[in-house]
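Make the full structure from the sequences, and use the hints.
Taken in order, these protein sequences are the chains called V and S. Residue 23 in the numbering used here sits at position 15 of the first sequence, with consecutive numbering throughout. Residue 298 in the numbering used here sits at position 290 of the second sequence, with consecutive numbering throughout.
The hints are simulated quantities; they were obtained by calculation from the structure and are not laboratory data. There's no promise every hint is true.
Any copy, or any two copies together, can satisfy a pair, since identical chains are not distinguished.
[Unchecked claim] Calculated cross-link-like contacts (lysine-lysine; reagent style DSBU-like; alpha-carbon spacing at most 30 Å):
(1) Lys272 to Lys98
(2) Lys244 to Lys199
(3) Lys80 to Lys225
(4) Lys244 to Lys272
(5) Lys225 to Lys199
(6) Lys225 to Lys186
(7) Lys186 to Lys244
Protein chains: 2
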Amino acid sequence: MQPSPKELGRNIDQQRSKAIQFLRLHRGPRTLVLPNVWDVSSARMVEDAGFPALATTSAGVAYTLGYPDGQKISRQEMLSVVARIAGAVKVPVTADVEAGYGDRPEDAAFTARGVIQAGAVGLNLEDGREDADNPLVDLSLQLEKIAAIREEAADSDIPIVLNARTDVYLNQVGDPEKRYDVAVRRAVAYKDAGADCIFIPGLRDADTIARSVAALKVPVNILAGPGFPSILELEKLGVARVSLGSAPMRATLGLMRRIAEELKAAGTYVALEGAPSHAEVNRMMTDRAS
Amino acid sequence: MQPSPKELGRNIDQQRSKAIQFLRLHRGPRTLVLPNVWDVSSARMVEDAGFPALATTSAGVAYTLGYPDGQKISRQEMLSVVARIAGAVKVPVTADVEAGYGDRPEDAAFTARGVIQAGAVGLNLEDGREDADNPLVDLSLQLEKIAAIREEAADSDIPIVLNARTDVYLNQVGDPEKRYDVAVRRAVAYKDAGADCIFIPGLRDADTIARSVAALKVPVNILAGPGFPSILELEKLGVARVSLGSAPMRATLGLMRRIAEELKAAGTYVALEGAPSHAEVNRMMTDRAS
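As structure tokens, then:
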């Protein structure tokens with residue numbers, strides 16, 4: 009059933025090197041910045057801007073295909089986009105695969121296998137649930153999922169970078185005073201289960217970020233954007249990795265809205281000014297297409 | 009082999025009504041403006057902005073999937089995106105299917121069948137070729153392609169709106185002094201062969217536009233953008249339909265570049281400001297997802 013790596017055009021040695029190279033980017037000296045991408049052209053644009061690795065945004069990918077965020081898209085559709093992106097760039101690609109598309113550890117492992125087969129070298133696994141009464145996956149189950157992914161990566165001989173995300177802050181779980189302790193307890197457990205990086209979206213306060221980084225002793229990923237400390241400030245706080253989630257993709261949707269509204273209201277084209285030319289984008293898309 | 013309309017979830021009567029409604033939008037009183045879209049979220053954004061119909065950009069779709077413009081993408085990949093878009097909006101959708109993905113009239117007919125099966129109600133067919141010595145498809149062959157599409161539409165009982173494009177101006181074919189006559193001769197022949205609208209990209213001069221509209225006595229589509237007459241001016245010139253090609257999609261790529269470059273140079277997030285929120289885009293993508 010499963011196509012072989014050769015059929016997929018993957019080079020296992022090259023993929024392994026990319027995974028190692030991607031993990032190394034979490035160890036400094038600079039903060040790894042990942043402006044998340046959602047299709048091949050956004051990926052090419054970010055790669056061309058000189059970023060050493062790419063991360064996908066699951067929400068952004070879902071939107072382009074007609075779904076809201078939150079695992080409404082199928083695993084297969086998500087991984088198809090990851091494969092297109094990973095096959096079209098030279099730098100390492102990490103995939104946002106939400107909560108792994110299934111409740112069981114074997115679902116997470118199956119998703120990890122798909123990520124590897126897609127040519128990516130990292131993945132995000134989140135612990136948030138869309139259930140107000142029970143907003144986080146049970147810790148023990150989440151640890152089993154992480155262990156299952158680690159095992160799958162070992163079996164595949166690709167040391168994928170596992171970015172374990174806790175949604176304690178993002179989902180505003182429980183008593184605000186207790187969130188830090190809950191997040192750190194989960195993060196330490198995720199690290200011990202095999203996570204390479206801990207992602208705590210929703211964390212924005214510089215003191216709490218610094219305290220988390222010091223407590224965890226593992227690379228920490230912060231979700232940034234307008235209203236957040238700058239990259240330089242986050243770097244000074246010891247943040248290993250900064251990503252932007254779906255914000256870049258949503259910003260482009262906002263531009264599409266401005267273009268459409270200007271056309272409707274004024275019948276002019278100001279919002280289109282400065283777009284890269286047809287010839288330039290064609291060149292960008294041709295260069296490495298083979 | 010071919011799934012039935014029912015399997016595809018298409019409602020033939022509804023699709024026929026949409027085709028008629030779309031054609032009617034070419035008959036005034038206002039100019040039909042089509043800010044071209046390339047995926048479901050851009051389509052939803054334009055529909056939500058109140059536009060009564062949507063047109064895809066073949067270049068934009070190709071870029072998102074990793075191809076340069078110009079029929080490097082396969083017919084099937086292009087039509088899959090058209091089907092996703094047409095299935096996700098209520099307004100009529102017209103598909104840019106380049107030169108029909110094949111040199112023969114039967115290729116054009118097969119593509120038209122695919123457009124109809126995808127749920128779209130219109131298509132663009134261009135006569136440009138990527139051959140400097142022979143930059144236009146032979147007129148007689150192009151007329152056979154148009155007739156074959158018309159026949160396919162009749163067989164399918166969906167009166168798709170055929171937008172026949174001549175690339176005389178866009179590809180700067182031959183002596184500039186003779187372009188007008190070549191374009192009008194082709195356009196009249198396309199109309200007589202069954203085209204509902206004539207698309208002359210590359211035409212930007214107000215006098216020549218007015219002259220073409222007067223000569224053709226059929227709805228004329230002008231490609232607009234920065235440097236072109238405004239929608240109101242084009243309306244006064246009698247232009248029935250205005251589209252923007254890949255410019256909106258390229259503008260969003262330009263924004264992605266500004267976001268990435270700002271992150272790299274300054275480590276700040278100004279280019280992300282004003283993006284619609286995660287909650288807002290989720291709502292937009294949920295509303296009509298069923």
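Structure-based check of each hint:
1. With identical chains, the CA atoms of Lys272 and Lys98 are at most 30 Å apart between copies only, with a shortest distance of 19 Å across copies and 41 Å within one.
2. Proximity of Lys244 to Lys199 under the C-alpha cut-off of 30 Å is restricted to the intra-copy arrangement: shortest distance 22 Å within a copy versus 66 Å between copies.
3. In this homomeric assembly, Lys80 and Lys225 never come within 30 Å of each other (Cα to Cα): the closest approach is 34 Å inside a single copy and 48 Å across copies.
4. In the homo-oligomer, the alpha carbons of Lys244 and Lys272 lie at most 30 Å apart only across protomers (16 Å), although the nearest pairing inside one protomer, at 46 Å, exceeds that limit.
5. Taking identical chains as interchangeable, the C-alpha atoms of Lys225 and Lys199 lie at most 30 Å apart only when both belong to the same chain, with a minimum of 9 Å there against 71 Å between chains.
6. In this assembly of identical chains, the alpha carbons of Lys225 and Lys186 lie at most 30 Å apart only when taken from the same copy (20 Å versus 73 Å across copies).
7. For a Cα distance limit of 30 Å, the shortest separation of Lys186 from Lys244 inside one copy, 26 Å, qualifies, whereas the shortest one across copies, 65 Å, does not.
Figure legend: structure checked against the earlier numbered hints; the only hint not met is number 3.
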